[in-house]
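From first to last, the protein sequence lines are chains A and B. Mapping to numbering that gives the first Met the number 0: the first sequence position 17 is 16, numbers consecutive. Mapping to numbering that gives the first Met the number 0: the second sequence position 341 is 340, numbers consecutive.
Worth flagging that the hints you see were computed from the coordinates, not collected in a lab. C-beta: ideal position from N, C-alpha, C; glycine also. Please note that the accuracy of each hint is not assured.
What the hints assert, rightly or not - For the chain B half of the interface with chain A, some residues (derived, Cβ under 8 Å), not all of them: (1) I1; (2) D3; (3) E45; (4) I278.
Protein chains: 2
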Amino acid sequence: MISDKMMTYVKTSSVIRAMFEEGKRLAEIYGAENVYDYSLGNPSVEPPARIKEALIDVLNEENPNKVHGYMNNSGYEDVRERIALSINEKHGTNYNASNIVMTVGAAGGLNVILKSLLNPGDEVITFAPYFGEYRNYVSNYDGILVATPPNTEDFQPNLAEFEKRITRKTKAVIINSPNNPTGVVYSEETIIKLAEILDRKQAEYNLSIYLISDEPYRELVYDDVEVPYLTKYYRNTIIGYSYSKSLSLPGERIGYLVIPDEVDDYENLVSAANVATRILGFVNAPSLIQRAVARCLDVNVDIEIYNRNRELLYNSLISYGYECVKPQGAFYLFVKAMEEDDVKFAAAAKKHNILIVPGSSFGCPGYVRMAYCVNYDMIERSLPGFNKLAKEYGR
Amino acid sequence: MISDKMMTYVKTSSVIRAMFEEGKRLAEIYGAENVYDYSLGNPSVEPPARIKEALIDVLNEENPNKVHGYMNNSGYEDVRERIALSINEKHGTNYNASNIVMTVGAAGGLNVILKSLLNPGDEVITFAPYFGEYRNYVSNYDGILVATPPNTEDFQPNLAEFEKRITRKTKAVIINSPNNPTGVVYSEETIIKLAEILDRKQAEYNLSIYLISDEPYRELVYDDVEVPYLTKYYRNTIIGYSYSKSLSLPGERIGYLVIPDEVDDYENLVSAANVATRILGFVNAPSLIQRAVARCLDVNVDIEIYNRNRELLYNSLISYGYECVKPQGAFYLFVKAMEEDDVKFAAAAKKHNILIVPGSSFGCPGYVRMAYCVNYDMIERSLPGFNKLAKEYGR
Numbered sequence: 000m001i002s003d004k005m006m007t008y009v010k011t012s013s014v015i016r017a018m019f020e021e022g023k024r025l026a027e028i029y030g031a032e033n034v035y036d037y038s039l040g041n042p043s044v045e046p047p048a049r050i051k052e053a054l055i056d057v058l059n060e061e062n063p064n065k066v067h068g069y070m071n072n073s074g075y076e077d078v079r080e081r082i083a084l085s086i087n088e089k090h091g092t093n094y095n096a097s098n099i100v101m102t103v104g105a106a107g108g109l110n111v112i113l114k115s116l117l118n119p120g121d122e123v124i125t126f127a128p129y130f131g132e133y134r135n136y137v138s139n140y141d142g143i144l145v146a147t148p149p150n151t152e153d154f155q156p157n158l159a160e161f162e163k164r165i166t167r168k169t170k171a172v173i174i175n176s177p178n179n180p181t182g183v184v185y186s187e188e189t190i191i192k193l194a195e196i197l198d199r200k201q202a203e204y205n206l207s208i209y210l211i212s213d214e215p216y217r218e219l220v221y222d223d224v225e226v227p228y229l230t231k232y233y234r235n236t237i238i239g240y241s242y243s244k245s246l247s248l249p250g251e252r253i254g255y256l257v258i259p260d261e262v263d264d265y266e267n268l269v270s271a272a273n274v275a276t277r278i279l280g281f282v283n284a285p286s287l288i289q290r291a292v293a294r295c296l297d298v299n300v301d302i303e304i305y306n307r308n309r310e311l312l313y314n315s316l317i318s319y320g321y322e323c324v325k326p327q328g329a330f331y332l333f334v335k336a337m338e339e340d341d342v343k344f345a346a347a348a349k350k351h352n353i354l355i356v357p358g359s360s361f362g363c364p365g366y367v368r369m370a371y372c373v374n375y376d377m378i379e380r381s382l383p384g385f386n387k388l389a390k391e392y393g394r
Numbered sequence: 000m001i002s003d004k005m006m007t008y009v010k011t012s013s014v015i016r017a018m019f020e021e022g023k024r025l026a027e028i029y030g031a032e033n034v035y036d037y038s039l040g041n042p043s044v045e046p047p048a049r050i051k052e053a054l055i056d057v058l059n060e061e062n063p064n065k066v067h068g069y070m071n072n073s074g075y076e077d078v079r080e081r082i083a084l085s086i087n088e089k090h091g092t093n094y095n096a097s098n099i100v101m102t103v104g105a106a107g108g109l110n111v112i113l114k115s116l117l118n119p120g121d122e123v124i125t126f127a128p129y130f131g132e133y134r135n136y137v138s139n140y141d142g143i144l145v146a147t148p149p150n151t152e153d154f155q156p157n158l159a160e161f162e163k164r165i166t167r168k169t170k171a172v173i174i175n176s177p178n179n180p181t182g183v184v185y186s187e188e189t190i191i192k193l194a195e196i197l198d199r200k201q202a203e204y205n206l207s208i209y210l211i212s213d214e215p216y217r218e219l220v221y222d223d224v225e226v227p228y229l230t231k232y233y234r235n236t237i238i239g240y241s242y243s244k245s246l247s248l249p250g251e252r253i254g255y256l257v258i259p260d261e262v263d264d265y266e267n268l269v270s271a272a273n274v275a276t277r278i279l280g281f282v283n284a285p286s287l288i289q290r291a292v293a294r295c296l297d298v299n300v301d302i303e304i305y306n307r308n309r310e311l312l313y314n315s316l317i318s319y320g321y322e323c324v325k326p327q328g329a330f331y332l333f334v335k336a337m338e339e340d341d342v343k344f345a346a347a348a349k350k351h352n353i354l355i356v357p358g359s360s361f362g363c364p365g366y367v368r369m370a371y372c373v374n375y376d377m378i379e380r381s382l383p384g385f386n387k388l389a390k391e392y393g394r
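Isolated chain A (complex conformation) (with noise of 0.2 Å):
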């Protein structure tokens, strides 16, 4: 009785509800510390202090009718103004309230900016590995997701592949950095080079493509390495931003889209954006939420635990003879498997209590996926089942 698309989505998500359960049933055999899930990006940070503070002050300092009641379905106009001049003084913009748009999550930014733009075929092309929802979120619109094949060197995007994907349907290109699966941050060299081509392509068939720069990752970097604002390569940019990674709030589902002056339809497409939030019944991003944010626009989660997790992990796994290019932001490990078939390598970890996502999830076989947003210490006991389970591939 459910619809023919959704029968599709939901034999795949027993699949995945399988895997899950399968963790749970190893950890009433073995014990739930026995047990090493790197299967989910759910941050493992706390949230920083201020954003209890700031959601108790808002509570206690501002009209409960406001602070609880609708606004604008692009959200409240003070945050948006109090974040573009946030965003203006991090990158040398300059943005106002009309560039912004609250979303719920990176993932309802998306949604909307994809209901905004999509006709019927329109072809949006990613690069592999990419998060495989974005499949899910163009077809909703009856859209075509186009991946260009993975550059395994160093995940950079395959420029060149990338390339010969782009034709008179491409509407829009998703971007990820730093990267969900790899952690991968685009260098500033790639994003120049991957805006000339976007250049040559619209003048070549006078049409728009929109670049959407989907960054929940954007402020999980490690080593001092720069993110390029990718507004400032490309005219046609869209950023999708997002706090649950940066402030540990996937839960609340709070972000926004940032739509500059200079995109083509610039008028229309914010209205759109206005209008797809709310007939998509997301209504507004949640309210409180976009309040308590506003206060906190200057803090972050504490990264260094996660470098730490990523320095133990990386630095172990490269020692048993593990090959991963050593990711630079986000909280991922994407490593080779040790056999070509990836979903096999991945029950071969389950013997060891380790769980880990195949890399065909990400458009990207022969890898598997290592979340590392987890305790230091889980991190620490699942070792020696690594080492093992490298030695068992002669390594």
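Fit chain B to the known structure of chain A by using the hints.
Okay, now just chain B, sitting in the frame of chain A:
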């Protein structure tokens, strides 16, 4: 550059924005206190004090990674269990957590269930006058909204016309009681007849027709009227609930779906609602407010404040010669326009600085909606204008 479908919406929404801008313009000329805005269904009564206490208690007592973290896409298990028990207590039902899906308000819930159910071309029947967004929500999934013409005698559903509209393409029926825009509560007699028609048509066509009950106004009822709990009258019923009005939290985007065990294809439908929550970009209902409302299941806003407004506005309008079915719920009056064209009548009201919404927006021309979720004082100040308006029409 935006999608063709969105371009249509953007044009319509600019008409609404023009109305809003006109209100602001009037306020600037005449002073805000001399403009009488009955156009918005934005709760004016403060949230119960318990909400603030509950929010602060959750922040002080519970683990922040849990309070702000991801959970199952359907919501926290313990929150869903508590809500199920509270429904059971109030309505004598027998639900548990697995019958509840937490949603981003009622609007989010309706989108989730329609995404789960509709194939392109499927028909969804509703009853005029109806909340205009239903048309957009159904259209999001390429369904077709079929409106049953109104019964302007008492604004109970027109069941004879309803039955004629049920076809083999009918997938769902949306009803909304207490109703926006009429404030009418559908009687038990109506519900029994409606269920009888649906049962008969399901058998005749050998298909499942889901009754979706959109209930954001359930707790806002006067004169001790009973609002039947629809799952008890018709097997294939799904409830969409929201705390937006019952707790004056519309900006927080928090509500739930009830999917009873006995609906056709229950297992798949619950899974589909879970997946739809994820892929539409909601991911989950906002987390902190989930945990807070679960501590406030026995409280409501003070509806006596709305009741006073209702009595004052209704009695005054009747005394001036207006015609209106006295509503027993929600916070709207649906008043007969004093000329055939409701848009012209609303324009005539605006000359008295009275802002009201033409019934055409609700599929019911010839009427206007007045939202009395406003300050009592504003109603008092507006009465001379309503009186003059009636006199202009010879009452």
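The hints, checked one at a time:
1. I1: Constraint on I1 (chain B) satisfied, holds at 5 Å.
2. D3: Result: holds, 6 Å to nearest chain A Cβ.
3. E45: holds, 5 Å
4. I278: holds, 4 Å
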